[in-house]
Amino acid sequence: MIAARGRERCVAGIARGFVRTIGAMSDRTPPHALVDDRPGEGVFRVHRDAFCRDDVFELELDALFERGWVYLGHESQLPRPNDYLTTWVGRVAVVVMRDEAGRLGAFLNSCRHKGAQVVHRARGNARLHLCRYHGWSYDSAGRNVVLRARADGAYPPSFDDAPHGLQPLAAFASHRGFLFGSLSDPGTTLADHLGDARIFLDLVVDQSEQGIELLPGDVRYTFRANWKFQLENTVDAYHFPATHPSYLRLMDRRARMGPREGVARSVWQGDDGVQLDERMGAFTFAHGHVLVWTTSPPERHPLYAQREALGRRVGAERASWMLRTRQLDVFPNLQIGSSAAIQMRVIRPLAPDLTEVSTWCIAPVGESADARRQRLRQYEDFYNPSGMATPDDTVNYEDCQRGMRSGRVPWQQAWLQGHARGIAAVRPGADAHARALGIRPATSSSGPFALADETVFHGLYREWAARLRDAETSR
Amino acid sequence: MSPSLDAQAAAQLLYLEADCLDRRRWDAWLALYTEDACFRIPTWLDEDTPADDPDRCVSLIHYASRAGLEDRVWRIRSGLSVASAVLPRTAHAVHNVRVGEVAPDGEVTVHSVFHVDLFEPRQRAVQVSFGHYAHRLRAVDGRWLIAGKTIVLMNDVIPTMIDVYSV
Numbered sequence: 001m002i003a004a005r006g007r008e009r010c011v012a013g014i015a016r017g018f019v020r021t022i023g024a025m026s027d028r029t030p031p032h033a034l035v036d037d038r039p040g041e042g043v044f045r046v047h048r049d050a051f052c053r054d055d056v057f058e059l060e061l062d063a064l065f066e067r068g069w070v071y072l073g074h075e076s077q078l079p080r081p082n083d084y085l086t087t088w089v090g091r092v093a094v095v096v097m098r099d100e101a102g103r104l105g106a107f108l109n110s111c112r113h114k115g116a117q118v119v120h121r122a123r124g125n126a127r128l129h130l131c132r133y134h135g136w137s138y139d140s141a142g143r144n145v146v147l148r149a150r151a152d153g154a155y156p157p158s159f160d161d162a163p164h165g166l167q168p169l170a171a172f173a174s175h176r177g178f179l180f181g182s183l184s185d186p187g188t189t190l191a192d193h194l195g196d197a198r199i200f201l202d203l204v205v206d207q208s209e210q211g212i213e214l215l216p217g218d219v220r221y222t223f224r225a226n227w228k229f230q231l232e233n234t235v236d237a238y239h240f241p242a243t244h245p246s247y248l249r250l251m252d253r254r255a256r257m258g259p260r261e262g263v264a265r266s267v268w269q270g271d272d273g274v275q276l277d278e279r280m281g282a283f284t285f286a287h288g289h290v291l292v293w294t295t296s297p298p299e300r301h302p303l304y305a306q307r308e309a310l311g312r313r314v315g316a317e318r319a320s321w322m323l324r325t326r327q328l329d330v331f332p333n334l335q336i337g338s339s340a341a342i343q344m345r346v347i348r349p350l351a352p353d354l355t356e357v358s359t360w361c362i363a364p365v366g367e368s369a370d371a372r373r374q375r376l377r378q379y380e381d382f383y384n385p386s387g388m389a390t391p392d393d394t395v396n397y398e399d400c401q402r403g404m405r406s407g408r409v410p411w412q413q414a415w416l417q418g419h420a421r422g423i424a425a426v427r428p429g430a431d432a433h434a435r436a437l438g439i440r441p442a443t444s445s446s447g448p449f450a451l452a453d454e455t456v457f458h459g460l461y462r463e464w465a466a467r468l469r470d471a472e473t474s475r
Numbered sequence: 001m002s003p004s005l006d007a008q009a010a011a012q013l014l015y016l017e018a019d020c021l022d023r024r025r026w027d028a029w030l031a032l033y034t035e036d037a038c039f040r041i042p043t044w045l046d047e048d049t050p051a052d053d054p055d056r057c058v059s060l061i062h063y064a065s066r067a068g069l070e071d072r073v074w075r076i077r078s079g080l081s082v083a084s085a086v087l088p089r090t091a092h093a094v095h096n097v098r099v100g101e102v103a104p105d106g107e108v109t110v111h112s113v114f115h116v117d118l119f120e121p122r123q124r125a126v127q128v129s130f131g132h133y134a135h136r137l138r139a140v141d142g143r144w145l146i147a148g149k150t151i152v153l154m155n156d157v158i159p160t161m162i163d164v165y166s167v
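Top to bottom, those sequences are chains A and B.
Using the working numbering, the first residue of the first sequence is number 1, and each one after it goes up by one.
Using the working numbering, the first residue of the second sequence is number 1, and each one after it goes up by one.
There could be a bad hint or two in this list.
[To be verified] Per label pair, the in silico range of CB-to-CB distance:
1) T49(B) to A424(A): 23 to 33 Å
2) A309(A) to D53(B): 36 to 46 Å
3) M257(A) to F119(B): 26 to 36 Å
4) V73(B) to P259(A): 15 to 25 Å
5) D53(B) to Q417(A): 41 to 51 Å
6) D53(B) to G165(A): 52 to 62 Å
7) V73(B) to T473(A): 30 to 40 Å
Note that these hints are calculated values from the structure, not bench results.
All C-beta atoms, glycine included, are put in the ideal place defined by N, C-alpha and C.
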């Protein structure tokens with residue numbers, strides 16, 4: 001239906017003068033209609049304009065980032081009373097603080113007086129936060145404790161109608177240390193929002209009896225491309241052998257050369273250079289969360305030696321899932337990749353063609369010094385923007401963005417063909433893998449590794465289109 | 001007996017390394033390093049503090065030996081990396097060269113400031129990176145080689161990617 005409407009407009013556009021009219025035409029298409037989702041007909045398409053248009057980007061910030069649950073930070077970053085970290089929710093500066101009593105809170109990082117950003121550092125520890133402009137100050141629970149020279153200020157009685165403390169986020173909650181917040185009423189609890197996708201956060205947390213921690217050291221990068229390329233890429237099984245052959249061949253090369261002093265091994269490094277017999281699968285969940293898993297020989301996994309103890313603690317099925325690679329998107333801004341190393345990425349859209357990503361290496365608390373060193377080296381080689389895999393991803397995103405904006409492609413020709421693999425294999429609800437784990441996804445698919453399913457993206461874009469449609473209606 | 005190392009000789013070695021990187025003379029670049037050379041770019045722990053312990057903190061790059069750099073050069077030449085398919089043009093400038101500590105084993109640490117201008121042809125964009133080098137130099141068969149290099153990168157929000165030639 002959408003396609004037919006677009007074609008009519010396109011023909012009309014050509015009649016009225018090609019270039020100018022085509023641009024104007026597609027700009028009128030409501031953002032949500034840039035996803036063409038017709039499951040009955042086996043069609044799922046995303047339009048190039050979804051990655052390029054300024055109005056789409058503005059609506060994404062409104063509807064996805066500045067409304068509803070977004071990831072803020074991890075409790076292990078704020079272990080002590082009065083610890084804080086600063087971050088962003090969409091365009092809005094936010095501070096997460098632990099008060100004197102150890103309670104966590106999340107606030108707008110903006111003075112009530114003139115709006116100045118109050119807390120400047122990425123993180124730290126402070127009982128009081130002083131706004132340097134006019135000297136109002138706030139405690140670590142967000143309360144205004146100094147409204148300087150108030151007594152002499154001849155304020156009217158109505159001045160106290162609104163509180164003077166830092167404004168708390170409308171919602172703030174933790175799932176096992178992962179902190180989420182929402183600028184306005186999200187309409188659901190965090191538990192309902194995460195649904196069964198939370199099981200995959202639990203699989204990360206439960207790897208160690210003592211829990212997990214984020215390792216020190218900031219890694220942050222930008223790329224000149226739309227944020228959704230990052231959202232897709234983490235769960236994109238199809239790209240891996242095509243984008244990362246240099247990394248994969250390097251792992252084979254390292255295996256052939258035998259151990260070399262100072263070079264870390266990788267979970268992708270075979271001892272024999274033989275292609276792994278892998279299987280893959282994907283789940284989509286309500287509210288936009290998605291997961292891709294692969295199996296590879298479990299004995300290569302660093303947790304393999306502990307599998308029996310893990311099984312006793314979390315059950316045999318969950319223990320076996322810990323030995324699979326798992327790539328999780330928690331919509332819209334959190335990604336966790338679990339292979340030998342565990343990586344967390346947080347996405348911050350800055351413009352339709354500019355994105356910032358912050359990344360952390362997650363590790364089990366209390367692992368041995370040798371294991372920790374091995375984890376770090378392997379993590380750096382693969383995941384860093386200064387490593388040997390992520391640069392090939394970010395450069396690809398930029399190629400996509402340049403390719404997409406190279407002239408306004410006529411509407412009907414601008415539908416991407418990148419969301420179709422696996423449509424003939426995907427099924428609604430749970431497959432055998434999901435049932436064994438006891439989860440109820442919206443869709444499941446699985447097959448040989450070469451299936452390289454793309455239906456996993458449908459979960460992202462179904463939520464995207466639904467939230468954008470709601471926001472269009474309420475505007 | 002080590003050859004003498006004054007600031008001028010130290011600077012010449014650092015300039016030579018910069019030139020190898022700018023001219024993509026990868027083999028000549030690797031040959032400036034000892035086999036056991038440790039190459040590292042630490043992250044920052046906060047606004048003021050570079051990470052000090054690579055076994056506890058994430059590094060941007062950390063190789064405990066030259067083999068890691070050899071892997072990098074292999075990848076750059078492999079034709080298998082889209083990020084390496086169109087290499088940026090770079091100009092490495094090294095300033096403020098200062099001969100520092102001499103270790104009991106005779107290794108000398110040389111401190112300097114670097115500034116790299118980089119033109120990325122695909123984006124038609126200029127990037128800059130700047131910071132501090134610390135080279136640990138070792139006398140081998142009458143010449144000085146790099147036995148360790150630490151790069152403290154000041155502008156550490158990475159634009160798209162960096163590789164060994166970007167810093």
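Hint by hint, here is what the structure shows:
no., hint, in the structure
1, T49(B) to A424(A): 23 to 33 Å, "violated, 54 Å"
2, A309(A) to D53(B): 36 to 46 Å, "violated, 29 Å"
3, M257(A) to F119(B): 26 to 36 Å, "holds, 35 Å"
4, V73(B) to P259(A): 15 to 25 Å, "holds, 20 Å"
5, D53(B) to Q417(A): 41 to 51 Å, "holds, 48 Å"
6, D53(B) to G165(A): 52 to 62 Å, "violated, 39 Å"
7, V73(B) to T473(A): 30 to 40 Å, "violated, 56 Å"
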